[in-house]
Amino acid sequence: MKYFTLLFFLIISPLMVSAGDERPSSVESLKIQEGVASYYGTKFHLRKTANGEIFDMTEMTAAHKNLPFGTMLKVTNLKNGREVWVRINDRLPQTSRRIIDLSKGAAEELKMVQDGIVKVKLEVPDEDSVASLMEHYQDEKPEDIRLRVYENPIVIERPDFYELFLDINLEKGLIALK
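The end of the sequence shown is residue 189 by my numbering, with every number in the run present.
No wet-lab data here; the hints were simulated from the structure. Treat the hints with care, since some could be wrong.
[Unchecked claim] Computed Cβ-Cβ distance ranges for the label pairs, DEER-style:
id, residue 1, residue 2, range
1, Glu45, Ala142, 14 to 24 Å
2, Asp150, Lys90, 32 to 42 Å
3, Arg58, Lys122, 17 to 27 Å
4, Gly52, Gln149, 30 to 40 Å
Each residue gets a CB set at the ideal place from its N, CA and C atoms; glycine is no exception.
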């Protein structure tokens, strides 16, 4: 009986998968940052942004400390769940405690104008965007930005136990799988 138990665990143990090995959802893999957002408008309206564009407070744009100009982000207001897509075209000061400064138009879409500042989540459109940011930063990625690319999951083929036979011959001390 002890041989049977040992053999059973030798066969079954490689097939067990730890619950901690699960991949994050694809949506979670697109999140790159979470923190505080603010907005800017009238004072900077029709002035030049850091990338040379003229700022229009009604457009869906934003300032970030270091994301490349042109980066598209989905910004989610964590207070009410509202979302807006913005394009990075300006810079925040490196000393800012905020992670993003949105145009007034984007802030209105998020229903955050009354609050002034809210906690937000920043996501990129797809895994190609994550890979592009990884290439952009190479080994100098800012600590507060999370970039992860998840490989395709490993498929484990499980044996068909209906066709597995265990032959135990205690007289000869043999155990065989057929």
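Hint check:
1. At about 21 Å, the beta-carbon gap between Glu45 and Ala142 stays in the expected band of 14 to 24 Å.
2. In this structure, Asp150 and Lys90 meet the distance hint of 32 to 42 Å, their C-beta atoms being roughly 36 Å apart.
3. At roughly 26 Å, the beta carbons of Arg58 and Lys122 sit within the given window of 17 to 27 Å.
4. As the Cβ distance of Gly52 to Gln149 is approximately 35 Å, the hint placing it in 30 to 40 Å holds.
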